[in-house]
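Sequence lines, in order, name chains A and B.
Everything in the first sequence is counted per the working numbering, starting at 1 for the first residue and increasing by one.
Everything in the second sequence is counted per the working numbering, starting at 1 for the first residue and increasing by one.
Honestly, the hints are just simulated from the structure, not real lab data.
In this text the structure is predicted, and so the values were computed from the model without any measurement.
Backbone N, C-alpha and C fix where the C-beta goes; we use that ideal spot for every residue, glycine too.
Hints should not be assumed to be uniformly reliable.
[Unchecked claim] Okay, the calculated beta carbon distance ranges per label pair: (1) B:Ala80 x A:Arg90: 33 to 39 angstroms; (2) B:Glu204 x A:Gly95: 52 to 58 angstroms; (3) A:Glu124 x B:Pro28: 35 to 41 angstroms; (4) A:Asp125 x B:Thr206: 44 to 50 angstroms; (5) B:Ala32 x A:Arg90: 41 to 47 angstroms; (6) B:Ile232 x A:Ser93: 18 to 24 angstroms; (7) B:His186 x A:Asp62: 53 to 59 angstroms; (8) A:Leu120 x B:His186: 30 to 36 angstroms; (9) B:Leu58 x A:Gly116: 32 to 38 angstroms.
[As the list claims (entries may be wrong)] A few chain B residues that don't get close to chain A, going by computed Cβ distances all over 10 angstroms: (10) Ser67; (11) Asn105; (12) Gln228.
[To be verified] Only some residues are given here: those of chain A computed to face chain B with a beta carbon under 7 angstroms: (13) His28; (14) Ala31; (15) Val32; (16) Arg36; (17) Asn52; (18) Ser78; (19) Gly80; (20) Arg84; (21) Thr88.
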Amino acid sequence: MNRVLLLSKTIGLSVGLMGFAAPTFSHHSFAVFDFRKIVTIEGTVAQFQWTNPHVVIWIDADAQNGDESKAWGIELTSPGNLTRAGWTKRSLSPGDRVSVTLSPLRSGNAGGAFRGATLLESGEDLTYDWARLAQVQDGSE
Amino acid sequence: MRTFVILLIWIVGFVDPTIVVAQVDAAPAAQAWTDLAKLPDWGGIWIPDVPDQRAQVLENTPRWTPSAAENISDMMAAAATGRPARLFNDCLPEGMPTWMLISHNAFEFLFTPGRVTMLGESDGNRLRRIHTDGRGHPEDPDLTYHGDSVGYWDSAALVVDTVGILPEVYIAVSEAVGLRNGGDMHIVERMHLAGPDTLHIELEITAPHVLSAPWKTTRIYERLRGAQFDIIEGVCLQGSFVDQVDEDGNAIVVPSMPE
Numbered sequence: 001m002n003r004v005l006l007l008s009k010t011i012g013l014s015v016g017l018m019g020f021a022a023p024t025f026s027h028h029s030f031a032v033f034d035f036r037k038i039v040t041i042e043g044t045v046a047q048f049q050w051t052n053p054h055v056v057i058w059i060d061a062d063a064q065n066g067d068e069s070k071a072w073g074i075e076l077t078s079p080g081n082l083t084r085a086g087w088t089k090r091s092l093s094p095g096d097r098v099s100v101t102l103s104p105l106r107s108g109n110a111g112g113a114f115r116g117a118t119l120l121e122s123g124e125d126l127t128y129d130w131a132r133l134a135q136v137q138d139g140s141e
Numbered sequence: 001m002r003t004f005v006i007l008l009i010w011i012v013g014f015v016d017p018t019i020v021v022a023q024v025d026a027a028p029a030a031q032a033w034t035d036l037a038k039l040p041d042w043g044g045i046w047i048p049d050v051p052d053q054r055a056q057v058l059e060n061t062p063r064w065t066p067s068a069a070e071n072i073s074d075m076m077a078a079a080a081t082g083r084p085a086r087l088f089n090d091c092l093p094e095g096m097p098t099w100m101l102i103s104h105n106a107f108e109f110l111f112t113p114g115r116v117t118m119l120g121e122s123d124g125n126r127l128r129r130i131h132t133d134g135r136g137h138p139e140d141p142d143l144t145y146h147g148d149s150v151g152y153w154d155s156a157a158l159v160v161d162t163v164g165i166l167p168e169v170y171i172a173v174s175e176a177v178g179l180r181n182g183g184d185m186h187i188v189e190r191m192h193l194a195g196p197d198t199l200h201i202e203l204e205i206t207a208p209h210v211l212s213a214p215w216k217t218t219r220i221y222e223r224l225r226g227a228q229f230d231i232i233e234g235v236c237l238q239g240s241f242v243d244q245v246d247e248d249g250n251a252i253v254v255p256s257m258p259e
């Protein structure tokens, strides 16, 4: 997902920026993610993009080891599937401090598929049951 | 009055055959609506059994022709290395049979006199009209993404016959693996409940340009009832645009950053 890398270089820390120029997360295969891996990042929600075909959480990850903060795009499923699982467009808001676990992009760019999240201030967990995509976890794709 | 109109049309057609006499479809009688209650209950929202979908990909592969199988093999290899083909990035409808084969999103049925309509979520173009009023296929149908579907009720099962699908529509086994059907595709389905809240759609797909033999596969769906599960609007292209505010304070959308 080269667009994600380009975005992180272009936008940087962009909380509350009007006209957030997000890359296209069009109707693509989840083969771009490595579901055998789990990565956890902490940061601040920049945007909770509640649109079809995939909802995306944009996070400004905390700087680590002297590296500067990086923008990550974490993908979920459609708003319809998330709504049926109890999510709403207000489940996350810009400024929320979160810890997110994800299966990373195989390309190594800053993005991944959502595996879980915790709101750091309230301790509330946000989950989505990927059991429907359980076969993906065996690395067969 | 209706009888008079029909008689008048018949007389006019008899007197001057060059006058085009249009078929006047009658409004359904009240009985046609109450007859719908005799059909099995397919209400609620149907969500696909995705683990079974994926098992089918591994265990029940289409009977691809040799050259088709080579292309499929290349696409699977590309997906395995994390560079999947992007078959549906353009947000054109998945169409038939792909919607039934690979969707991870819900759909619903509407029963009206002479018709079963399927409406899907997440891509506003998912709509199938299945005519159950006894009509056959047109002789030379305009080709479409979902084809021309006619069906009949065989006890509690709906048998559907579909032709007239555009040749560029995919037979896809995932969003990254599939081939355009090439034309002359014919799909027969048998839809029935396999449990109180389980629906099976048994498909037989004949596609002589890419399949060496008809391919049979079944897709499984589970039912949810309740307003909290209702299908919501889903516009596939929406993710390709971003909300912005112009200099006058008006809400606008602009394309997302291009690839």
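Going down the list of hints, with the structure as the test:
Evaluation of the 33 to 39 angstroms hint for Ala80 (chain B) and Arg90 (chain A) yields a pass: the beta carbon distance comes to about 38 angstroms. Separation of Glu204 (chain B) from Gly95 (chain A) is about 54 angstroms and conforms to the stated range, judged on CB atoms against 52 to 58 angstroms. Checked against the given bound of 35 to 41 angstroms, the beta carbons of Glu124 (chain A) and Pro28 (chain B), roughly 51 angstroms apart, lie outside it. Range check, Asp125 (chain A) to Thr206 (chain B): Cβ separation about 48 angstroms, and the 44 to 50 angstroms hint holds.
Our hint of 41 to 47 angstroms for Ala32 (chain B) and Arg90 (chain A) holds, since their Cβ atoms are close to 44 angstroms apart. Between Ile232 (chain B) and Ser93 (chain A) the beta carbon distance is about 20 angstroms. The supplied range of 18 to 24 angstroms therefore holds. Between His186 (chain B) and Asp62 (chain A), the C-beta spacing of about 57 angstroms keeps the proposed range 53 to 59 angstroms intact. Distance hint check: the CB atoms of Leu120 (chain A) and His186 (chain B) are about 56 angstroms apart, inconsistent with the given range 30 to 36 angstroms.
Against the hinted window of 32 to 38 angstroms, the Cβ-Cβ separation of Leu58 (chain B) and Gly116 (chain A) comes to about 27 angstroms, which falls outside the hint. Separation of Ser67 (chain B) from chain A is adequate, the least Cβ-Cβ distance of about 23 angstroms exceeding the 10 angstroms criterion. For Asn105 (chain B), the requirement that its beta carbon stay farther than 10 angstroms from each beta carbon of chain A is not met, with the minimum near 6 angstroms. Separation of Gln228 (chain B) from chain A is inadequate, the least Cβ-Cβ distance of about 7 angstroms not exceeding the 10 angstroms criterion.
Restraint check, His28 (chain A) versus chain B: the minimum CB separation of about 5 angstroms is within 7 angstroms; hint holds. Given the 7 angstroms rule on beta carbons, the hint for Ala31 (chain A) holds: about 4 angstroms separates it from the nearest Cβ of chain B. Because the closest C-beta pair between Val32 (chain A) and chain B is about 6 angstroms apart, less than 7 angstroms, the hint holds. For the restraint placing Arg36 (chain A) at the interface with chain B, the shortest Cβ-Cβ distance is roughly 12 angstroms, beyond the 7 angstroms limit, so the hint is violated.
The restraint placing Asn52 (chain A) at the interface with chain B holds, with a minimum CB-CB distance near 4 angstroms, inside the 7 angstroms limit. The criterion of a C-beta within 7 angstroms of any C-beta in chain B is met by Ser78 (chain A), whose closest approach is roughly 5 angstroms, and the hint holds. Satisfaction of the interface hint for Gly80 (chain A) is found here, the shortest Cβ-Cβ separation to chain B being roughly 5 angstroms, below the 7 angstroms cut-off. Interface restraint check: Arg84 (chain A) against chain B, minimum CB-CB distance 5 angstroms, threshold 7 angstroms, status holds.
Because the closest C-beta pair between Thr88 (chain A) and chain B is about 11 angstroms apart, greater than 7 angstroms, the hint is violated.
Hint check: violations occur at hints 3, 8, 9, 11, 12, 16, 21; the rest are consistent with the structure.
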